[in-house]
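Generate coordinates for the entire structure from the input sequences, incorporating the hints supplied.
Each chain is listed here by its residues.
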Amino acid sequence: MPVSRIRALFVAAVAMGVLTGCDQSGSTPPATSGAAPASTPANLGTNTPAATGGDTPAGTTLTSGEPGEAAPVHGDTILVGHFASMTGKEATFGQSTDNGIRLALKEINDQGGLNGKKLEVITYDDKGDSKEAGTAVTRLITSDHVVAVLGEVASSLSLAGGSVCEQYGVPMISPSSTNPSVTRGKEMVFRVCFIDPFQAAAISQFITDNLKLTKAAILYDQTQAYSKGLRDDFTKAFTAAGGTVVADQAYSGGDADFSAQLTTIKAASPEIIFVPGYYTEGGNIAIQARKLGITVPLIGGDGWDSSQLGAIGGAAIEGSYYSNHSAPDQPNMTEFVSKYRAAYDGQTPDALGGLGYDAMMVLFDAMKRAPSLSGKDLAQAIAQTKDFHGVTGNITIDKDHNAQKGVVIVQMTNGKPVFAAAVDPSAKK
Amino acid sequence: MDGVAVGSLYALIALGYTMVYGILQFINFAHGDVFVLGAWVSFAAAGAVGLSVGDQTAVPAWLVWLLGAVSAGALAAALYEFVLRPRLGAGRPPATRLTWPLAGVSVVGWGTLLLLVATRGVVAGGSHTIAGGMILVLAMSTCGLVGFCLERLAYKPLRSAPRLNVLITAIGVSLLLQNLGQLEWMFGTRPDRMPTLVPDTVLFRIGHVPVRLVDVMVVATALVLMVLLDWLVFRTKMGRAMRAVSFSPTNAALMGVDVDKVISFTFVLGSVLAAAAGFLYGQKYPGLNQTAAAGWVLLGLKAFVAAVIGGIGNIRGAMLGGLLIGLLEFFAVQYVPEGASLRDIFVFGALILVLLVRPSGVLGKAVTEKV
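Chains G and S, in that order, are what the protein sequence lines are. Under the working numbering, read the first sequence as residues 1 to 429, first letter to last. Under the working numbering, read the second sequence as residues 1 to 371, first letter to last.
No lab work stands behind these hints: they were computed from the structure. Every residue gets a Cβ at the ideal spot worked out from N, C-alpha and C, and that includes glycine. Hints may contain errors.
Stretch-level coverage of chain S by chain G, calculated; a stretch enters the list once three of its residues show a Cβ under 8 Å from a Cβ in chain G [stated by the list, open to error]:
1) 23 to 29
2) 187 to 194
3) 328 to 334
4) 340 to 353
Take a look at the structure:
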């Protein structure tokens, strides 16, 4: 099977006159390519053994290669890759997203797939580690030959995976990475969510306009690009709106003790504390803040979105807010929520489940419109997505490959996030 | 106060590193994972008696109790055999190979019944502190059993192999424990909330520093365990055997010490202490990360640093090192400007300093007896 697949690929590649070579490196040693036409461009032979993902041969710039071209040729299924933190500290992120993707996949296949071909999703675990993320994406592209890649939630990991996709010319849709650099300057990387400056502006607007507060403290994770970005953007937006950041403290992801930072924050007597981290720390910080006698609410970003936030934070997190892509009690979510509950024994989806679902659906929508499933055509089709009715809102991909959507602020009530306000900072200006 | 509490936890974990190093001259990298296991077994046990606030682990309640009771029995039998019997004198019935399992089984039966009934009743009665004590015992005994199995299955076959092989095996065991813990039918990959068993009240204040019940409990439990250990090592026959093996396994064997038994005992002891630390840590910081989280690894490393700073192989050194590290970390974070963002630098900086100035550790030479 491998040999015939390679022949088919070579013929296609030669016909195109261009190739990346990297595409096959994962699965086939060059020796098996003896039957290939002599006219095969020389760079194939040299690339194949060497291309482990680290080097970037000339042929891999995105204007050229259509490695995706050959991918759907084999079998009756179209393969889509997904890399996610299925285990590790942010495991609920990956699991929810994967659940959402697979729910969408099931619906797509139940309706007959794409032109009679079923779609299949291969999920690899990156353990929340950026090195593993790069490896997982390289493996998806070079050895499984996926036509497109979905993932990641954490921006640091999407950055790692995105550069691999960029190198091999395979389109990637991140369901929920919000750091601007994830898609900046990338031809192949898209997302179906808003970006952090927008989110930070929404949080700031919510604090100043809805809650009418002016003194905020920040406690951010210095090891996460996501957290640092939100903190910077929030500081800018909040100061511009007339607020004051009275304390600015940092911690490192995985820390368990925040008492020193919280003591400093308490001394500055803020009216609200902005904690742009992930849910595990969000819960722990809430517990310790209450212990120290801090009674003001906390507000987080979409990194707080997990069913475990209420479980970990318990009573301490009650009444705190976080910004999110959607709330399960929003009207347009009800259908999705009931479908999700039916599929995953009664679990209520977090926003990540919805975004995973939307990412898959946007990809499928682009597949239907694209003239072929080559990386370039598919990327173009994704870029043209306009007013797509997703469960997390209407999705239009803008020129920077970001989705333009509103922000929802939820409040923790009885251990569950409840819709508090919809904020759209772009509408204000 | 936080520093003292966390420091005593570091000390408890460091003891396990140091004892194993003292006897086998190898660093048991899986020790930190036994500590994590202790925290999660406590969580599972708390869930089994209906205390859990978040979602439960997939481990069924009866299994937790069965495992706990079996290991509690084994631990009790081992303590009787090695510690009590030699002190009680020849008149006491010898726990021979035949009575050994018998004793174990009977203790198991009674242990299960007692633990179950008592804890259920206690939970209903609202006294979580007693339930906490029972969960602590259960976690300790389960991890003791795990420690015993690890030594027998992973390290004993390598007793005569080069030390590097054992070291690599230890890393392998560590990865195995981390990933086993993540399985859905074990503890899963979600972080969870350890139920609060010790009421979180401020007892009194020293200056403006509040002293919390939880910290007092942590320090007190750790101290009691350390005093017990000190007594065990320096005052009992088994302790003498441990010190003898640490001094020279060959000579100890020639003097009639059962080296294998001593090594097993050391592993069990270390694991039991680590489990206690795991339980106490869960009480102090109730948000439990899943078993392979980087934060856990770092904690294990810091405890190891404590062992080295105190003088590796030296029991009292490990206790002192743990406290020093804990205090250093918390004071630095509080009083050095921007200290919170440099938290780990202080600890590892101290390690470098100690290695440069006094490579054998603070107490490395002052006390010559090693275990």
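Each hint, compared with the structure:
no. : hint       : verdict
1   : 23 to 29   : violated (count 0)
2   : 187 to 194 : holds (count 5)
3   : 328 to 334 : holds (count 3)
4   : 340 to 353 : holds (count 4)
Of the numbered hints given earlier, the model fails hint 1 alone.
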